[in-house]
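From first to last, the protein sequence lines are chains Z and C. With this note's numbering applied, the first sequence covers 66 to 386. With this note's numbering applied, the second sequence covers 200 to 504.
Hints should not be assumed to be uniformly reliable.
[What the hints assert, rightly or not] Estimated spans, in silico, between C-beta atoms of each pair:
1. C:A306 x Z:A371: 50 to 60 Å
2. Z:T81 x C:R495: 51 to 61 Å
3. C:A306 x Z:F243: 48 to 58 Å
4. C:V354 x Z:A159: 47 to 57 Å
Hints listed in this document are in silico derivations from the structure and should not be mistaken for laboratory results. Beta carbons: idealized from backbone N, C-alpha and C, even for Gly.
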Amino acid sequence: MTRRLAFALAVLVLATLPFWLTNSYYVNIASQILIWAMLALALNVLAGYAGLVSLGHAGLFGMASYAAALSVAGGAAHLTAAVLALAATLVASAVFALLSLRSTGISFLMITLALGQILWGIAYRWISLTNGDNGINLLSRPAPFGISLESPQAFYLATLAAFLLVVTAMEIFVASPFGASLCGTRDQPRRMTALGYNVWLIRFLAFLFSGLVAGIAGLFFLYYDKFVSPHALSLATSAEALLMVISGGTGTLIGPIAGAALVVVMKYVASAYIERWNLVLGAIFVAIVLFMPEGLVPGMLRLWRAMRRARRARAAAAHLG
Amino acid sequence: MPNTIALALGGSGAEWTVPAMTLWLLLAINSITLGGLLFLLSAGFSLIFGLMRIPNLTHGSFFMLGAYLGVSFLSAGLDFWTAALASAVAMATIGGLIERLLLRRLAGNALAQVLVTLGLSFMIADICLMIWTGDPVQIETPPALRGAVPIASVVFPAYRLAIALIAVVIAGMLWLMLDRTRLGAMIRAGVDDAPMARVVGIRVGRLFSIIFCLGAGLAGFGGVMGAPILSVYPGLDADMLPLALIVVILGGTGSLVGAFVGSFIVGFLYNFGQALFPELAYVILFLPMLAVLVIRPQGLFGRQA
Numbered sequence: 066m067t068r069r070l071a072f073a074l075a076v077l078v079l080a081t082l083p084f085w086l087t088n089s090y091y092v093n094i095a096s097q098i099l100i101w102a103m104l105a106l107a108l109n110v111l112a113g114y115a116g117l118v119s120l121g122h123a124g125l126f127g128m129a130s131y132a133a134a135l136s137v138a139g140g141a142a143h144l145t146a147a148v149l150a151l152a153a154t155l156v157a158s159a160v161f162a163l164l165s166l167r168s169t170g171i172s173f174l175m176i177t178l179a180l181g182q183i184l185w186g187i188a189y190r191w192i193s194l195t196n197g198d199n200g201i202n203l204l205s206r207p208a209p210f211g212i213s214l215e216s217p218q219a220f221y222l223a224t225l226a227a228f229l230l231v232v233t234a235m236e237i238f239v240a241s242p243f244g245a246s247l248c249g250t251r252d253q254p255r256r257m258t259a260l261g262y263n264v265w266l267i268r269f270l271a272f273l274f275s276g277l278v279a280g281i282a283g284l285f286f287l288y289y290d291k292f293v294s295p296h297a298l299s300l301a302t303s304a305e306a307l308l309m310v311i312s313g314g315t316g317t318l319i320g321p322i323a324g325a326a327l328v329v330v331m332k333y334v335a336s337a338y339i340e341r342w343n344l345v346l347g348a349i350f351v352a353i354v355l356f357m358p359e360g361l362v363p364g365m366l367r368l369w370r371a372m373r374r375a376r377r378a379r380a381a382a383a384h385l386g
Numbered sequence: 200m201p202n203t204i205a206l207a208l209g210g211s212g213a214e215w216t217v218p219a220m221t222l223w224l225l226l227a228i229n230s231i232t233l234g235g236l237l238f239l240l241s242a243g244f245s246l247i248f249g250l251m252r253i254p255n256l257t258h259g260s261f262f263m264l265g266a267y268l269g270v271s272f273l274s275a276g277l278d279f280w281t282a283a284l285a286s287a288v289a290m291a292t293i294g295g296l297i298e299r300l301l302l303r304r305l306a307g308n309a310l311a312q313v314l315v316t317l318g319l320s321f322m323i324a325d326i327c328l329m330i331w332t333g334d335p336v337q338i339e340t341p342p343a344l345r346g347a348v349p350i351a352s353v354v355f356p357a358y359r360l361a362i363a364l365i366a367v368v369i370a371g372m373l374w375l376m377l378d379r380t381r382l383g384a385m386i387r388a389g390v391d392d393a394p395m396a397r398v399v400g401i402r403v404g405r406l407f408s409i410i411f412c413l414g415a416g417l418a419g420f421g422g423v424m425g426a427p428i429l430s431v432y433p434g435l436d437a438d439m440l441p442l443a444l445i446v447v448i449l450g451g452t453g454s455l456v457g458a459f460v461g462s463f464i465v466g467f468l469y470n471f472g473q474a475l476f477p478e479l480a481y482v483i484l485f486l487p488m489l490a491v492l493v494i495r496p497q498g499l500f501g502r503q504a
């Protein structure tokens, strides 16, 4: 009950955000957080619920951006371009999954990294198709039902709608028998096989779902910047997305969203004071892995609980004494 | 950027008017040079992977940082070979510190170790950018090797031959170390079955440190050796790491022969891919790796896990 109330309250706050946060600069940051949160949620399906850490998701994310930008440049309408882009991303996800699901653990990570690098290499080097390092511009944002999304406020609300759709889909997915069986393949793959589940197929479908959501995030990334360059597909982007997932806490719904907010805000705050964002990113990465491996949200909860227990123990001791 | 290696070919349009035979030969020499450099990089990468079961994602950074340190040592007045050795020693120390202070704390948690190496690679890249700025630096070829060597009516650039020769010598030394010494036997035991090696009294933890120092040192040395050809620039790390990754997937983890053969395969694929299909060079590079993954997942020279 409290959970639902909190969710409704959060939606209310997010939906009214452009009305009380009047500065467009902050509204744009909020849009970015939502876009990156979608990518983090996508990666979380694999890294969190399936126990398969992918370092190639920026490839799928950027591929959706490129596919949409190229389709629009080729004369397609925005809706057609978006559908084409998501279809292409699904196909790429299927190929990724076919090749990488031959293994788990570190090998899975390496294969996804290599596959991501191939897509990056295509974006970077196939200059006649992708315009290389100069990237591709998008002339205008789409205007669904004739509503222009050119203003930061309108774009934010459209992104929020997509974001809520993704979160709802994730909620349903996590609570579904399929979500439970995916967690089963993470914790006890052999037992799941013995029980008659097709572990490979479960992981494959999870990969497709994850790729699709990453593609949706990629579309909004393109619409936000109206530009996409090979950097979107780089290892740095994959690593950033992974940092969002693990900093917030893998295998939870709120964790990747909190992680995305944290990383995006830090990126903006850090870039206002220092040039060295990558140094900060790397340092946080190392610090979180060393000191709070379960993520900031569960880590903070653990600290808080430990503190409360200590206080209670002290109170009990005082009472006895 | 990656096409530096192709530019080192000559780059000017006049290149293409030379007789076809010579062009192929030039490409082949460049491939062998790159193969030698890749071996210096990936021998350590492969041994670390074989022993510690983690891909060390800072390995490309070791190569780049080693090259930058070489630049600084050279400008401090050292000659080329002393600078290369000093850089190797410095990188071995840094690698040892990373293993001791960070990776050891996460023993048994491979994923956390990989993430730490990834985080470190971002930090090293940014620190290099801070110290040596964003402009590419070119190291001069050592004077003794500036000329060309005529072999059977064809003229070979001496420095490129020297790199290939050094790679072969180091490969031989590594092989002797692994195959003939007590330390080598312990390392092989650790690669084959680390828990069992522990049981028979081998201090596998100490092997980790040794291998990490060795790998980082070789990568740093390779960075300085490559600098006259590739030059040193921000992003060199990100260019080299995927190549090492392909070498090891092709050759098999923990296999010295695999790293050697894989390095030259990748060297040839890269240079010929660049020359023949410049736009798809990257795809061509990764296709054999995908084929190996599908047909022989343990790599050409790796053993079935």
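Practice task
Hints the structure violates: just list their numbers, smallest first.
Solution key: Hints 1, 3 are the ones this structure does not satisfy, whereas the remaining hints hold.
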